[in-house]
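Going down the list, the protein sequences come from chains A and B.
Each number in the working numbering comes from the position in the first sequence (counting from 1) with 199 added on.
Each number in the working numbering comes from the position in the second sequence (counting from 1) with 9 added on.
It cannot be assumed that every hint is accurate.
[Said to hold, decoys possible] Pair by pair, the computed Cβ-Cβ distance ranges are:
id	chain 1	residue 1	chain 2	residue 2	range
1	B	T264	A	L834	37 to 43 Å
2	B	A18	A	V842	48 to 54 Å
3	A	R232	B	D272	46 to 52 Å
4	B	A18	A	R1081	33 to 39 Å
5	B	S163	A	E938	40 to 46 Å
6	A	V842	B	T264	56 to 62 Å
7	A	R1081	B	S293	30 to 36 Å
8	B	T264	A	R232	43 to 49 Å
[To be verified] One side of the interface only, derived from the structure: several residues of chain A facing chain B at Cβ under 8 Å:
id	residue
9	F238
10	P239
11	L243
12	F245
13	I247
14	D325
15	R326
16	A328
[Unchecked claim] Away from chain B, derived, C-beta distances all over 12 Å, residues of chain A:
id	residue
17	A206
18	R232
19	P233
20	L244
21	D246
22	M344
23	D455
24	Q555
25	T678
26	A811
27	L834
28	D933
Hints were generated in silico from the structure; no laboratory data involved.
For every residue, glycine included, the Cβ atom is placed at its ideal position computed from N, Cα and C.
Residue strings, one per chain:
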Amino acid sequence: MMGLPLAFTEPLLLIGLVSLPVLWWLLRVMPPRPRRIEFPPTRLLFDIAPREETPSRTPWWLTALRLLAAALVIFAAAGPIWNPQTGAADSKAPLMIMFDDGWSAASHWDVRIRAADELIANADTDRRAIALVPLSEPNRDITLMPAGAARVALRQLAPKPYTIDRVETLAAVDRFLKATGDCEIAWLSDGVDTGRGEDFVAGLGKTIGDRSLTIFEGGTSAPLALVAAENAAAKMTVKVLRTDSGIAIGTVRALDQKASPIGEARFSFGPQDKETDAAFDLPVELRNDITRLEISGERSAGAVQLLDKRWRRRAIGIVSGASSETAQPLLAPTFYLTRALAPFADVRLADKGSPQQGITQFLDQKLPMIILADVGTIAPELRERLNAWIDQGGVLVRFAGPRLAQAEDDLVPVKLRKGGRTLGGSLTWEKPQHLATFAADGPFAGVVVPKDVTVSRQVLAEPDAVLATKSWASLEDGTPLVTGEHRGKGLVSLFHVSADMRWSDLPMSGTFVEMLRRVVDMSGYTSKPGAGVAGEATAETVAPLHILDGFGAFGPPPATAKPLPADYRDRATSDHPPGFYGPAEGPLAVNTLASADRIAALNTASLRARHATYTNAEPRDLRGWLLSTALALFLVDAIIVAVLGGGIAALLRRRAAPAMIVLGLLFASLSPAPSRADSATDDFAMKATSQTRLAYVVTGNADVDSIVKAGLSGLTLFLAQRTALEAGDPVGIDPARDELAFFPLIYWPIVPGAPKPPQDAINKIDAYMKQGGTVLFDTRDAIEAPPGANGAAQTPGMQTLREILSSLDVPELEPVPREHVLTKTFYLLRDFPGRFVTGQTWVETLPREDDEDSAQRPARGGDGVSPIIITSNDLAGAWAVRPDGQAMLPVTGGDTRQREFAYRAGANIVMYTLTGNYKADQVHAPALIERLGQ
Amino acid sequence: MAAENGHTAKEIIAIRRADGESRTLAASLPRLVLEARRIAANVIHGLHGRRRAGSGENFWQYRRFVSGEPAQNVDWRRSARDDHLYVRELEWEASHTVWIWPDRSPSMAFASKTARESKLERTLIVAFALAELLVAGGERVGIPGLMAPTTSRSIIDKMAQAMLHDDADRLSLPPSFVPAALAETIVLSDFWSPIAEIRTTLAGLSGSGAHGTLVQIVDPAEESFPYSGRVEFVEPEGFGVITAGRAESWAQDYTTRLALHRDQIRAETNKLDWLFTTHATDRSAAELLLFLHAGMQVSKSGARTTTIKAGPAA
């Protein structure tokens, strides 16, 4: 209906819409309900002659609202259906369904199949023949078939794991269309241009002429693809491609050979990005285990990137014979080698020491490749080990230099002449030589020969019959620059120049990096037997091992998969589907997309065609939506009428409390509760951290809480008057709910018989104490202690406190010793009185110091602040002041200065929690100054 | 019945609040009390002196000592001046009776949105405060049909108690009774009753020649008529309902009718030499109290005038 995917089951009922104008008129004349107002002088109004009462008109928008609701009801009655089952067109011509079945179609395969199914079903009702054309099979003949056969053929389709070339199918389509004549065409496109998309669109337009074409496109999320996995020095990166735009995020998973996950990396697309990077920040050993990267939730072969040993980073040991050169590290051969190898390998340098030690160390580490830069003589037993290591697959690369030129050993591929050869020197006629060729069968085959590399010194090989075969690179005069030789499973190679700039400028060129990469590629990633592939000839072919299907799952290789050369680096094709090839222990990975491949959205604008989307959803009955919307509108109408008539006001006046509760509940249910809680927490945090505050635990006993609050206020005032601490108002906290970390000191009054706090709170208190907070427990009942030696521990408050502390990790306690730093942090105190003087104050036991020095110290601090202080003197009671500044509670002792001392005790405790054992050091200041003076 | 209960509950709340507020008000008027005392002492020879000797506080005369009297009555100071013995006599004082009628009918519970308190609350505040002031000045205060005149210092409590335990109908106007000729009557009401009823009540109250004041306490909304749209007006005492299609067009007529009503009342009071004033609840209660107090002082001095007004002109 008019381009909208909307249809009605009972369109005749829409005639009911005609009645709306009548409804309009009716609604206009009906007056609203009057507001009812109590008005005492109403009797005066009786005397006012009633005027001409014109009916008050309903506001037009209210009428419109009601009409809208009525129209919605009529629409709902007509049975609207969204996404109805639509036939492609009404014709009797056969239907040709072109079906994209490359990897890019795999991600929403069932949607495409369902769309095709629907097309087939519609064609079936019209008794039309169907031709199903999967665009991946250019060689298949296109035939017309009945709907049943088409359905079977459709079921047999599976997405191909490689990139399909739609253009190749055009010839078959052309043939079929010429044979069939009139035909209707539907193209179930995946919307991805993987190469020759434009050609196909142009060719298709020419082929079909003016036959009707429907392109199904969109309606599903566009596919994602992975390319160009790279195991860089610090992390493994892979590019994620897409065709659509908009902000998107996702994750790439890394799996090892046994398909167990190794890591995940997130990627995110900016609004316009077509490609982005995902990076795995993992240790190199783990990264080397990655064999498969895939995009989570994306089921297609294109979203899988398989990695083989070429992606593994090898650890390469470098031993330099010239240890003295470390004086100029930027000119040393190790510097050039390290820089050249770093992009694709992990370089390990030998520790300081002799080259022999370095080699031994690397052999012990079982490194797959060792580079010896100008190492001369090698001890015979070490040479044996090196030879054995090479036999097992080790790759030894040597660089020439003054020491090598003088030495003689068999760890070089060719026999060397004694002494080097100098070119371009003052005593020679020859000019520095340029690099001429790379051997076609050597590892450097294909590397571009640089024009600017010159060699001024080299070591020369003894010419013999096999020199040419061992020579991988040679200079213009035919002398070898790099020679190499396979020995056992390993390899020995020699660069006839030094690895620094003295003999040639090769180490400065990009070719050097490329050459080293080729050499490194020939090494295994460990030196274990069999791991190395250096011995394999390049022309060898490898058979398929595991092959990806279109959805990106591994399966056995299909019959059509053919072996491929071991150096195959291209994208997968139908002959070589993506997967692993070759031996199970060192397979070769072939990916759906080559690293340079990019995908784009398919542009079909030039085709004259109807466009349809994959209707992602079933046909949806809209009646429920319409009716509930109408209901909501009626509800809104009722509320508006109530407001207009003053009903809400009356409701609020008469039933204020219930109405408020109802409204409150409404708002409470509407407003997101967590955010409120968050803001409350934030407020608390802001309040607690904007100023230093003393805190107390709210006991729930109103008397105790108010006294404690007044007490801490009094102490805060005292501190502000006497010390530098100007704290904010004290805060009452609930240890179960509030964050404790903001407070240096928490005062915890014990109410006898109070229930133990919940375990959560205990845990938080425990953490608070462990992290450096101090809790001051006050049982406030020293005066109730029964007489006797152990009386103080028998009070009900102590019993309750013991109950609370039973599940806390409390350190060993002792009464405050005379020399404890707590007695000296601000005032010099003997004891800590509160309202009572008899109670004992307990702190964490200080470590005993038995040596004489400490015995003389006037103060001991221990290492930290005691996490717990227990008293029973009711400190807060002594501190408590009324708003008018008078003391709230009397003190018991006879000493008139007891209250003053209680405040001083409070000041000392607060200073102790804030400054720690600082005063313990400070008391030595006179002695230190005196000592300095002498 | 439910509405009745609702009103009773509302009244109880109003009484409780008025109790506190009126004390504050009375306490906030010490200057007024002082002023009143000063006037009382200087102008009218004490509190309504009976111009004869008796029990009192103020000096009345010295008379010769008559033998047989207790010797302690002798005023030795005066007697020392000559050869006779004198007795110091004080003036016999009797207090004035003031009847205060606070209207507690349902219509008084009205409070529009702009008003801070209902008419009932304002009425009670003023009544309590006035009673407190009068009692402090030595007067006797009573509520017609509810509380006999008393000089108790805790007059506010007494009045509140009497009201709380009153289970009679809440009338708009005081029940028909005849106060003594020298008594003063103060009627605090909204006077929305028809003029005929007011006239009858007034005739009864002034039957013995007693004087008094009528105070019409109104809500600001009752003066400005701030209504618009389709409104159904309900008389709270059940005298009927009227629907205005466009209330805003009634405002003019209502104002005219209100003025007429007040003119009628004023005509009645002028005839009887009573005072009539209006007071809107958006004005300060102290204003009305000051006016009433002043009016009573004036009335006692005999220089009564009907031109004194307080509050916004009606």
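Practice task
Provide an ascending list of the numbers of those earlier hints which the structure does not satisfy.
Solution key: Per hint list: 2, 3, 5, 6, 8, 14, 15, 16, 18, 19, 20, 21 violated.
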